[in-house]
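Using the hints provided, position chain B relative to the given structure of chain R.
Chains as they are written, first to last, in my numbering: chain R, 462 to 880; chain B, 462 to 880.
Note that these hints are calculated values from the structure, not bench results.
These numbers were taken from a predicted model, which means no experiment stands behind them.
Heads up, some of the hints might be wrong.
Same chains, same names: a pair is fine if it fits in one copy or spans any two.
Pairs of lysine-lysine residues, derived as DSS-like cross-links and limited to a Cα-Cα distance of at most 30 angstroms, are as follows [as the list claims (entries may be wrong)]:
| hint | residue 1 | residue 2 |
| --- | --- | --- |
| 1 | Lys769 | Lys735 |
| 2 | Lys698 | Lys586 |
| 3 | Lys735 | Lys660 |
| 4 | Lys698 | Lys755 |
| 5 | Lys698 | Lys735 |
| 6 | Lys820 | Lys625 |
| 7 | Lys735 | Lys755 |
2 protein chains.
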Amino acid sequence: MSAAELNSEFEALQSQYQALAERNLALDLTRGKPGTEQVALSDALDGILEGDYTAANGTDVRNYGGIDGLAEAKALFSTVLGTPDNEIVIGGNSSLTLMYTVVDFALSVGLRGPESAWGNSDEVKFLCPVPGYDRHFAICEHLGIEMIPVPMDENGPLMDEVEKRVSADPAIKGIWCVPRFSNPTGCVYSDDTIERLAKLGNIAGDDFIVMYDNAYAVHTINAAAPALANLREYCVKHGTESSVFQFGSTSKVTFAGAGVAFMSSSAANLSAFKEHLGFQSIGPDKVNQLRHVKLLQSAAGIAAHMEKHAELLRPRFAAVLATLESELGGTGMGEWLSPEGGYFISFNTRPGLAREVVKLAADIGVALTPAGATYPYGNDPEDSNIRLAPSYPSLEDVQATAEAFVLCVKLASIRQALR
Amino acid sequence: MSAAELNSEFEALQSQYQALAERNLALDLTRGKPGTEQVALSDALDGILEGDYTAANGTDVRNYGGIDGLAEAKALFSTVLGTPDNEIVIGGNSSLTLMYTVVDFALSVGLRGPESAWGNSDEVKFLCPVPGYDRHFAICEHLGIEMIPVPMDENGPLMDEVEKRVSADPAIKGIWCVPRFSNPTGCVYSDDTIERLAKLGNIAGDDFIVMYDNAYAVHTINAAAPALANLREYCVKHGTESSVFQFGSTSKVTFAGAGVAFMSSSAANLSAFKEHLGFQSIGPDKVNQLRHVKLLQSAAGIAAHMEKHAELLRPRFAAVLATLESELGGTGMGEWLSPEGGYFISFNTRPGLAREVVKLAADIGVALTPAGATYPYGNDPEDSNIRLAPSYPSLEDVQATAEAFVLCVKLASIRQALR
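So that you can see chain R by itself, here it is in the shape it has in the complex:
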């Protein structure tokens, strides 16, 4: 476009933006929060026990005990993580709590005794594939762990760089991963990436851990979505079972705030971890575990349930992707991926515009995840990545938000071109 054309386009966009501002929008695409229809898919949970509070082995789930969960809950949720049902611990309603507790345990108490506590060293570092999940980064920052960003591509973190850094720096004690439908890019780690993650335990020290947050393990939107290789099988092959902690939950399967979280690692790690947990709790809520087993029943039951979620999510993702394609496709004003599952669309503006786009949107009542949130310390060096989370609003609001969003992207891009 010529300067005159740019100016004229800019004015047209500005008047569209003014018109939107006058509509007093109140839209919110900030968090990966299931929609109301999605959580309602599990409304049968309350009352599903029909007065029978007895687990398969006779345990009264109402009473104390059971630090690691009911056997039937272990059997069910080990299918999600692809691990044996004797290598799983069931938690409360939050996998974030399990992750925090693992990192805190490794830091302060030591995975393999007091000598192994990361906190014995002055420096503790984590690799953080970017863009990534802000709550992972927040755990590190809160606990004083230095974060080193590592780029990702469509196969996951760039493993050459990961291996190089882990080999070179013994202060690196872990790496955060969201292997399937990664938050936010939606990529599914390739088989090669996963085998190389499993092999890190042989490159790094004995106290290095892969924090493998499989939050979207069964959260397929398109039936053709790629499967995820089995990390534990690679660990068995390479003898590194103790270098990995896997996490999952039903937060985006049943009730976001009242689901069941779970984790898996080697028997030795879990034994040490359960002892630590025992100082904090007499055990998680077994009644809710039993409710979940009754509702979901089996791996096939989970898959059928997730298909109902997919039906609700598909049009929302399609609305955003179609709007991005029709309004920004081929313009060079943005790049994005079409995720096959998960909760996010990761959008990259031209360098230097993410904060401006988020601000423009906020000023007309459209809340987006803060720019930079997908990077450690909130620092996106390119100021380019914006995470879109279309699950919660109504389809109508998702459409309206997508339209407002592309308008803000265009406005910022053309303003930049005019500078």
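Coordinates of chain B only, in the frame set by chain R:
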């Protein structure tokens, strides 16, 4: 008794003991665990929402959010702690988790910023009124906090000693309290004790806290049980609201393993604590909070519900107390108190016999709380205190256990006299 009489009594007791041994008993009085009939009092919880998952303010309790709990849960449970409903945080299913998290927060992060973290000092100490609760002591031991035992009488901890120690040693950062129906003595702290606890905040440093575990706040067995003075009112009087954290739960009101925990402190403390919690969880299970509000409804509802518990507990406590009185009363072989509420009977053998009695009982299939468990580091200097927990077994088993117990006490006592 003469030596001959002692010998003859000893032989009689030994043959009774042998007879019991042949009965292959499997009795357990170890933990303060509600009985099956007690937890069944709340069976209406599952299904009580009848499909309505909406809180009073319109919050969808199924979804994410609400780090500090539902307003109606705050209003209900603040009546248990006797605090304003804007000075309470609702947790998950375990008050132990809240307590651990508070101590860990004060130690590692700092109640009033990083400068205030106890861990900045080489020495961190807690006062532990004895006999006390083993899980409190375990938190300290796990987190490397040195424990100093302080004696108790029927009015609670000996406050002269508490004040003297707190004044003299700035490394003392806290004190554990179970103020009503104390675990295990059953005593109810006197008004004077509670006012002096409230005043500790003015004697100690800014970072000293009273860990006030009001686990049995509404757990009256006898209607004439003494009330507990309101700690917070004394704190307001003395300007020490930030020196106190109060805890409670419905573990012994509804379901032991699937209840709701809560805590109270000053607005400033709660604000800092909630920020810390936010790194670990997106919020506790609000569905279960709403269930509890529907079941219990009000302070009067809680009281009516607790009276049903009392009806189940009364005969169990009476059976133990009657057996102790009829078999050991006036013999000098033991001392105990008759609690008016709570879950325990605290029994003191003659010095040096607690371990022996617990071993004798274990050998004939009667499990008791390990001797020493009621003291920091498991070290009862008199080897005298045994905690009896009669809530869980059937009345018949409680009676059988009490009879086996007094036999073991007599056997150990007479063996000691013969040495």
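Comparing the hints with the structure gives:
Taking the shortest alpha-carbon separations for lysine 769 and lysine 735, neither the intra-copy value of 35 angstroms nor the inter-copy value of 35 angstroms comes in at or below 30 angstroms. Only within a single protomer do lysine 698 and lysine 586 lie at most 30 angstroms apart by alpha-carbon distance; the minimum there is 27 angstroms, versus 47 angstroms between protomers. In this assembly of identical chains, the alpha carbons of lysine 735 and lysine 660 lie at most 30 angstroms apart only when taken from the same copy (25 angstroms versus 38 angstroms across copies). Taking CA atoms no more than 30 angstroms apart as the test, lysine 698 paired with lysine 755 passes in neither setting, with 35 angstroms inside one copy and 52 angstroms between copies.
Within a single copy, lysine 698 and lysine 735 get their C-alpha atoms as close as 26 angstroms, which meets the 30 angstroms cut-off; across copies the closest is 43 angstroms, which misses it. Proximity of lysine 820 and lysine 625 under a CA criterion of 30 angstroms is satisfied in neither setting, with 38 angstroms inside one chain copy and 58 angstroms between copies. Within a single copy, lysine 735 and lysine 755 get their C-alpha atoms as close as 26 angstroms, which meets the 30 angstroms cut-off; across copies the closest is 34 angstroms, which misses it.
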